[in-house]
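Chemist: Residue numbers (my numbering): 1 to 229.
What the hints contain is simulated information worked out from the structure, not anything from laboratory work.
What you are looking at is a predicted structure, and each value in this text was computed from that prediction instead of being measured.
C-beta: ideal position from N, C-alpha, C; glycine also.
A portion of the hints provided could be inaccurate.
To be verified - Label pairs and their in silico Cβ distance ranges: (1) Leu142 / Arg110: 44 to 50 Å; (2) Leu26 / His126: 16 to 22 Å; (3) Val136 / Gly60: 49 to 55 Å.
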Amino acid sequence: MNQDLSIFALVAQASLVVQLVMAALLLVSVASWSVIFSKLFGLAKVKRANEAFEQDFWSGRNLNDLYTAVHNKPQGAPLERIFASGMREFLKLRERRMTDPGAMLDAARRAMRASYQREMDALESHLSFLASVGSVSPYVGLFGTVWGIMHAFVGLSNLQQVTLATVAPGIAEALVATAIGLFSAIPAVIAYNRFARQIDRSAITLETFIEEFSNILQRNVSAPAPQQG
Numbered sequence: 001m002n003q004d005l006s007i008f009a010l011v012a013q014a015s016l017v018v019q020l021v022m023a024a025l026l027l028v029s030v031a032s033w034s035v036i037f038s039k040l041f042g043l044a045k046v047k048r049a050n051e052a053f054e055q056d057f058w059s060g061r062n063l064n065d066l067y068t069a070v071h072n073k074p075q076g077a078p079l080e081r082i083f084a085s086g087m088r089e090f091l092k093l094r095e096r097r098m099t100d101p102g103a104m105l106d107a108a109r110r111a112m113r114a115s116y117q118r119e120m121d122a123l124e125s126h127l128s129f130l131a132s133v134g135s136v137s138p139y140v141g142l143f144g145t146v147w148g149i150m151h152a153f154v155g156l157s158n159l160q161q162v163t164l165a166t167v168a169p170g171i172a173e174a175l176v177a178t179a180i181g182l183f184s185a186i187p188a189v190i191a192y193n194r195f196a197r198q199i200d201r202s203a204i205t206l207e208t209f210i211e212e213f214s215n216i217l218q219r220n221v222s223a224p225a226p227q228q229g
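Construct the complete structure from the given sequences, taking the supplied hints into account.
Modeler: Structural data, given as structure tokens:
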């Protein structure tokens, strides 16, 4: 009699431990895909918002007007928040009549670096989860496979005659766990590598802006109101 060796039949016939391993891997895979789509759209949105702000910033607009517009926005691009933190610290010290230009610039730079770190933490959120899924899932699947093979051989020990037909279903059931582990791991690894590159490019953009904006503040530190360029 032909045995049903479809995926669903193999999963249904697997031992409880192997089924639990498969269920855990499937749940992790669903969570991984949720993170992947979230980061995919989130990083694309951040890139568009940063590009829009850079275009506005380099258009020659008055920095005080730009700061007012950015400060009143409930949400904005990472570049906007970095700009706002540096500008806010700079104006605060100017209002206090601080006479040391170097101290004013250092304070503004420190404020921007602190904001930069917060932005990077937000961009890198859940990235470690994808790394964990990519590195651990194959081993979890392998554990399910080893357990399934052990269970299959224990069952075969009670048979008088062992043939390929009796061995194949048990081995196939166990190998499904490895397949599901790879199914969970491969997309997570690919997504992690792609997102890591995108975040590195975003980090370069943010750091470059901090340096450029610091130079602008330095050129205008003696002026009554900072003007771009």
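Chemist: Each of the hints needs a verdict: does it hold here or not?
Modeler: Here is what the structure says about each hint:
As the Cβ distance of Leu142 to Arg110 is approximately 48 Å, the hint placing it in 44 to 50 Å holds. Distance hint for Leu26 and His126: a CB-CB separation of about 19 Å, consistent with the stated range 16 to 22 Å. The hinted window of 49 to 55 Å between Val136 and Gly60 holds, with their beta carbons roughly 52 Å apart.
Comparing the model with each earlier hint shows no violations; every hint is respected.
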